[in-house]
Amino acid sequence: MTVIYSAKKIITMGRNRPTASHVAVRDGRILGVGTLEELSGWGEAVLDERFADKVLMPGLIEGHAHTMEGSFWQFTYCGFFDRVDPDGKSWVGAKTIEEVLDRLSKAEALLEDPDAPLSGWQLDPLFFNNKRVTRQDLDSVSTTRPIGVLHASGHILNVNTKALELGGMLKPGINHPGVPLGDDGLPTGELKGPEVMSPLGIHVGFDRDLQACDESGLKAFGKLCVRAGVTTTTDLAARLNPEAVDMMLEVTGADRYPARVVALRYFMGMTPQELIDEVLALKARSTDRLRLGRIKVVTDGSIQGFSARLRWPGYYNGAANGLWYVSPQQLSEVLKLALKNDVMVHTHTNGDEATDLVLDTLDEALKEHPSRDHRFTIQHCQLADSSQFHRMAKLGMCVNLFANHHFYWGDEHYRLTVGPERAERMNACATALAMGVPMAIHSDAPITPLAPLFTAWCAVNRITASGRTQGHSEKIGVAEALYAITMGAAYTLKLEHEVGSIEVGKRADFAVLEDDPTEIGGEKLKDVRVWGTVQDGRIFPVADL
Amino acid sequence: MNPAPEIARALLPLTILGGYLGSGKTTLVNHLLRNANGLKLAVLVNEFGDLPIDQDLIEAQGDDLISIAGGCVCCSYGNDLTLALIDLANMDPRPDHVILEASGVAIPGAISAAINLLPGYRTDGIVLLADAETIRTTAADRYMGDTVLRQLADADLILLNKCDLVDQGALDQTRSWLTQQKPEALIVETVRAIAPPQVVMDSFLDRPRDALRLHLPDEFESRTLYPAPPKTATDLAQVLASESLGLVRAKGFVTVANGTRHLIQVVGRRWQTSPARPKTPDAIVCLGLDNRTDWNAVEALGLSAGVE
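If you read the protein sequences in the order shown, they are chains V and U.
Positions 1 to 545 (the numbering used here) are the ones given, in order, by the first sequence.
Positions 546 to 853 (the numbering used here) are the ones given, in order, by the second sequence.
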């Protein structure tokens with residue numbers, strides 16, 4: 001059956017017909033885009049005018065997120081900023097520590113089991129003028145039940161006294177940089193870094209499998225996609241063990257699952273050959289809504305966690321250089337095997353030294369296994385300079401920049417981590433485009449919220465949380481930003497022949513908007529309201545979630 | 546004769562084996578497993594690829610655990626070292642000693658600090674393997690250089706491996722360079738990563754004397770000290786760890802001036818003491834290296850039972 005939808009405007013992101021008034025859909029695919037008369041030429045069709053007053057654009061594509069955000073919403077939201085949960089409830093940001101504690105207390109009162117842990121997420125004391133949260137603060141919520149609140153960055157966990165007791169850490173004499181001590185010689189309750197968070201995490205509700213997404217989490221994530229206008233998303237670092245894959249196939253295969261999930265296998269705890277073998281087997285199990293067969297390699301840590309690898313002169317505040325999470329030899333093996341077997345690799349690099357390592361290593365690997373169109377993508381790539389972008393272009397690489405970082409941590413980078421000059425050119429979208437590197441921009445949900453229009457707003461305005469503009473010269477235009485969250489992201493996943501624009505032959509994936517992002521003005525891009533999505537021709541109104 | 550019960554119920558000792566790729570960690574691990582002499586070793590590796598354990602030692606192999614002759618095991622910690630350690634401490638039967646083969650780019654000091662947070666564990670020492678052929682080049686590598694230097698800085702003992710593959714002149718230069726990087730470094734030269742188990746793990750200092758004698762190569766010596774009660778355990782421990790004495794390891798019990806008893810553990814220049822109530826008399830087993838250890842000074846600390 002052919003359905004022709006009318007719309008106030010259809011922004012196609014295609015060169016041929018940038019805008020149109022109607023789009024015809026047949027069997028979940030775009031039969032054509034144009035005028036009603038042109039489309040009627042295809043034969044019998046039903047005219048559906050439900051979108052007559054809406055603006056359609058290609059379904060938005062999130063090129064770097066983690067479906068585990070869906071699972072995180074089971075915890076108590078303690079963030080500074082307003083955020084909408086999968087069920088549409090808008091959680092007002094907690095602006096002070098007292099408000100955070102109040103929220104936790106309300107959640108605590110709802111817990112029936114007196115021993116069950118209370119877990120929170122998205123805390124960020126940076127927004128409380130960096131007044132640190134202590135175990136005594138959390139004790140005011142409960143001294144009998146273990147409490148743990150994860151920071152927005154994912155690198156710090158705050159716990160109460162009970163949790164420290166359960167973890168065997170309420171004792172004097174602990175000498176570890178990740179465990180600050182109070183005047184009483186005991187830990188303050190703040191735990192920095194995965195090694196110290198891990199042993200406590202299990203006592204406060206963050207169990208070992210949190211990296212993997214569970215069934216209810218994946219379903220919740222689907223709802224988040226609809227709210228954000230997203231029709232294709234990545235799950236950028238999935239463990240993808242057999243049970244997880246079975247679950248994901250089942251959940252995404254359901255009639256009304258609203259998004260296509262591109263899941264990348266995280267390289268960890270196996271040899272490069274084992275990884276390739278596994279990924280090739282996974283590729284064979286791909287379905288339309290669960291695309292498998294790509295790899296994610298993490299090379300370094302994070303800038304705000306001081307674990308990213310920086311070139312000279314290093315961190316602005318003098319902190320020691322960060323950590324390598326992969327050895328050059330392993331990275332080389334993975335890249336070579338991937339090129340040889342036609343498997344796409346996305347590498348996480350935050351620091352510019354890590355970026356250099358990837359560039360050098362890929363350069364070498366390509367000599368052994370030349371590839372016309374590998375499109376290996378560097379994710380985050382926050383500190384790359386023009387010379388590095390130039391090399392990326394020459395090597396045939398893509399980049400996915402963390403535009404959201406400016407808003408959430410821009411002031412921190414300016415003051416503390418990399419200093420003013422580099423902060424202004426972090427996530428250099430304009431330079432990337434100028435150097436000809438195919439570009440996408442991302443949220444890295446749950447680190448920052450899933451909302452490509454907000455991400456586009458960040459790239460256009462480069463405003464920090466304190467309201468400063470950071471790096472005028474790296475701002476990009478609205479058109480470029482909208483391209484980045486549609487065709488740009490599709491290109492980094494080699495899906496641009498299927499999605500990313502509204503053109504004949506592609507999937508009927510649309511973001512249905514109340515407002516026109518090309519007319520609302522760059523400063524208001526984040527305020528564009530999403531009515532819902534169309535994915536493979538199926539309609540998902542936000543109101544029905 | 547088993548170690549005194551107080552030690553057995555105490556924290557699970559863990560040795561961190563560090564060093565860049567190709568330095569010989571895996572070879573050393575296999576050597577230790579072959580010479581475990583009844584000690585139940587648990588080896589922790591990042592991943593099982595490229596077979597970390599020699600085939601003939603393997604009894605059974607699962608996804609995350611390899612069973613090894615002699616009641617030893619090898620586990621992969623993959624994503625989460627901390628949780629793997631917690632699981633290991635809960636194993637039944639419990640291992641006697643854990644060897645953590647750190648990844649080639651890991652910073653052993655950071656791992657050690659993290660392990661000391663875990664109830665149930667104590668770090669026995671950081672043993673670092675350095676490839677005599679390549680260590681200086683790697684330390685100058687633009688990407689890995691600072692990582693390698695940090696590894697060296699964290700080491701309690703340095704095993705300078707593959708000494709047979711470099712000529713004497715180059716070896717001397719490398720030794721001298723190592724000493725510059727870490728002035729008090731205790732360097733043991735090895736070939737094919739073969740170092741006596743007693744050097745790598747202090748649990749072997751609890752073993753019966755005849756086992757010690759059988760396994761020590763010529764350049765090593767083990768003597769037992771019966772020191773007079775020091776003022777504090779710290780005083781004696783600091784002396785035993787001093788560079789002038791040049792001991793590789795020391796471990797044992799001492800009664801201090803106020804009558805309390807303590808356990809002293811020394812590896813290279815690092816020492817720890819803790820209160821103890823052992824059933825055996827005071828004695829400290831000292832492991833030394835020819836041309837490095839001043840046995841006269843050691844003996845001056847207390848009556849020795851003689852060379853063993």
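Honestly, the hints are just simulated from the structure, not real lab data.
Please note that the accuracy of each hint is not assured.
[Unchecked claim] Chain V side only, calculated, beta carbon under 8 Å to chain U, not exhaustive:
(1) L110
(2) M169
(3) I174
(4) E195
(5) S198
(6) N321
(7) W324
We put the CB at the ideal spot given by N, CA and C, even for glycine.
Hint by hint, here is what the structure shows:
1. Because the beta carbon of L110 of chain V sits about 29 Å from the nearest beta carbon in chain U, more than 8 Å, this interface hint is broken.
2. Residue-level restraint check for M169 of chain V holds (minimum Cβ-Cβ distance to chain U is 6 Å; threshold 8 Å).
3. Hint status for I174 of chain V relative to chain U: holds, with the closest Cβ pair at about 6 Å, below 8 Å.
4. Because the smallest distance between the Cβ of E195 of chain V and any Cβ of chain U comes to about 4 Å, under 8 Å, the interface hint for this residue holds.
5. Residue-level restraint check for S198 of chain V holds (minimum Cβ-Cβ distance to chain U is 4 Å; threshold 8 Å).
6. The beta carbon of N321 of chain V comes within 6 Å of a beta carbon in chain U, closer than 8 Å, and the hint placing it at the interface holds.
7. Satisfaction of the interface hint for W324 of chain V is found here, the shortest Cβ-Cβ separation to chain U being roughly 4 Å, below the 8 Å cut-off.
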